[in-house]
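Novice: Start from the sequences and build out the full structure, keeping to the hints where you can.
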Amino acid sequence: MKSIDNRPFQYEQDQDRFVELIKKYTGIPKKTLTDYLKEHNIQDMYEHPDTLNVSEERKGKLQEIAEIRRLYQNLRDNNREYKLNNDTKVRDYFTNYYSEKRDREYVAVAFLNNQLNVIKTEILSEGTVDSAMISPREVAKKALIYDAKAAVMSHNHPGGSSEPSIADIEMTKKTQEALELFDIHLVDHIIVAGEGKHTSIKGLGYVSEPVSSYSQNLHEVSTSFDFQGQDDKTSSSYENYLKGVLKKIGHETTISNKSELLHAHNLLAGSYIDMVYDEKQGFDKIEEIDLERKSLFTRHLESRSASLFSNGVSEVIVSPSAKKEGMYQLTYFDKYGASMDSLRSSKEECVRELQSNHLVPLRKDFAEFVRELNQNESVAKTLNFLTDKNGVNHFHKLENEPLRLVNIETVRQKNHFSDYNIQLEDKSQNRYNYTISSPKKRHDLLEDWSKEMNGYEWLSEDIKSEAVRRKPDLTIQNPIPQLSAEAKPLAEFMKQEKTVTQRL
Amino acid sequence: MNYFYPEETNIEKNQLDRKLSKKELISKVLQLAEVENEKIKELVENEVSVVELFIRPSKLGLTQQQSETIKEMKFLIDWEGEQTYEVDRQ
Chain A
1 MKSIDNRPFQ YEQDQDRFVE LIKKYTGIPK KTLTDYLKEH NIQDMYEHPD
51 TLNVSEERKG KLQEIAEIRR LYQNLRDNNR EYKLNNDTKV RDYFTNYYSE
101 KRDREYVAVA FLNNQLNVIK TEILSEGTVD SAMISPREVA KKALIYDAKA
151 AVMSHNHPGG SSEPSIADIE MTKKTQEALE LFDIHLVDHI IVAGEGKHTS
201 IKGLGYVSEP VSSYSQNLHE VSTSFDFQGQ DDKTSSSYEN YLKGVLKKIG
251 HETTISNKSE LLHAHNLLAG SYIDMVYDEK QGFDKIEEID LERKSLFTRH
301 LESRSASLFS NGVSEVIVSP SAKKEGMYQL TYFDKYGASM DSLRSSKEEC
351 VRELQSNHLV PLRKDFAEFV RELNQNESVA KTLNFLTDKN GVNHFHKLEN
401 EPLRLVNIET VRQKNHFSDY NIQLEDKSQN RYNYTISSPK KRHDLLEDWS
451 KEMNGYEWLS EDIKSEAVRR KPDLTIQNPI PQLSAEAKPL AEFMKQEKTV
501 TQRL
Chain B
1 MNYFYPEETN IEKNQLDRKL SKKELISKVL QLAEVENEKI KELVENEVSV
51 VELFIRPSKL GLTQQQSETI KEMKFLIDWE GEQTYEVDRQ
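In the order they appear, the protein sequences are chains A and B. For what it's worth, full-length UniProt numbering labels the leading residue of the first sequence as 1, then goes sequentially. For what it's worth, full-length UniProt numbering labels the leading residue of the second sequence as 1, then goes sequentially.
These are calculated hints, taken from the structure and not from any lab test. Treat the hints with care, as some may be off.
Partner residues are not named here, just some residues of chain B that face chain A (Cβ under 8 Å, in silico) [unchecked claim]:
no.: 1; residue: LYS22
no.: 2; residue: VAL29
no.: 3; residue: VAL51
no.: 4; residue: PHE54
no.: 5; residue: ILE55
no.: 6; residue: MET73
These numbers were taken from a predicted model, which means no experiment stands behind them. Ideal Cβ placement from N, Cα and C applies to all residues, glycine included.
Specialist: As structure tokens, then:
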């Protein structure tokens, strides 16, 4: 027999009971069963009763039990059978769950969908005969994995008493706080000590009722936006919810009219835009919330992002930050229009953040999105823009860095544009040669190219870049030009060109 | 994040199957516990839950002997040998 960890006692007791009961209901002798189970498992016995070498009558009785077992397992395996929408159902569910787990303490959590049906019940910890450890982080993590909207904690006390310890109550509170951050409601924490003995920690007053469902109410308010203020279905429960959350994060506020309700809603939805309700014009004025007010809500906004993910991110916009130069801003929107901003120092970090938040499955066009993000760099590489003499491309690091035009010479002129060999210099005085094609008139060119532009802006000046953007497969390999002795600083070049023009 | 539950596409059929399985299971367990046919019919029609049947059979108006048999049956169909003690992890 294989070893059963350090639990032989429970196992042997249970096997004895099992053999005894099979004998009682089928008449198969105990010795036959015990010997059989040394070589086979329970599954074999039920599925291949011929291997037991017993009479047809006994085999028939065993098959009856096997049929009941099959039906039971089919039902049990489909946990959605269980809807834990009231205290009795929660208690029964876990009493049943622990009925055969008496050897030690287990902590199991049932993760529920928004209809309070069980998505999955999982043992998150097993302990010694009188203790089991669990971390609120682990519960929250699993709840997010299962996309749960609610959870019921449970553990058993094999010792017999269903009284919760101080640690049990503390753990319940911490887990509730952790789950609340993600808008997941902890329904209860049940302690099962055996048939008929159980304690609900909620029943003892340590688990509070949810104020209301955030997503539902968010939807209600979003709907009222659509009505442009003509709809007056302001939800009082939502008002209470908002007040509750604002108070929790230390911000006392009054919500006495619809405008204030929307203001609070926008703050907590993670939006940095304040919608102002105007009696005549409806919800059409917007203004930015100042930074001081915004900082009050930072903690809550961070937690909102997780909720956005659980609602499903319907759109992500990545753009250069208007507030912090050189930074990128990721703005997530959920289906209700709630948004969450996140500042990152590079596009790569943006992509990493999206990937680490498992946004890939939510965005069908994610690959396209990543391509878009890296498109400028691909274009620059295709055109050898900001490529040094060793063939190393520096666009990525210079995309947002200022570059000034040092030298320029005309290569050729065509009907609508000219090619110029140019030399750009970065802040560290590294120089890069490039052949730029531009339809710009001379006076525009003097004005535009005499000031510093960043790598992206210089690339956009090159009309070839647009052609490559439109047709990424286009092959335009600019050689890295060697500027001739004719190359001049821009001002001199313009004079020279002017002279030439005048001569013409 | 619906990708966790692909089987939802056939949800109505699953629900129906479950209902039939549940009725069949309850009838068989009650028959094995030698509960009178009339009583079995009553419990099945009242859609008694499987959990209720196995956890508090005496509350369903069954005799002590019948309740005891049902609890024994619960143990028999639930016990899976060594597997019973394995922690349920994905």
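Novice: Going through the numbered hints above, which ones does this structure break? Give me the numbers in ascending order.
Specialist: none
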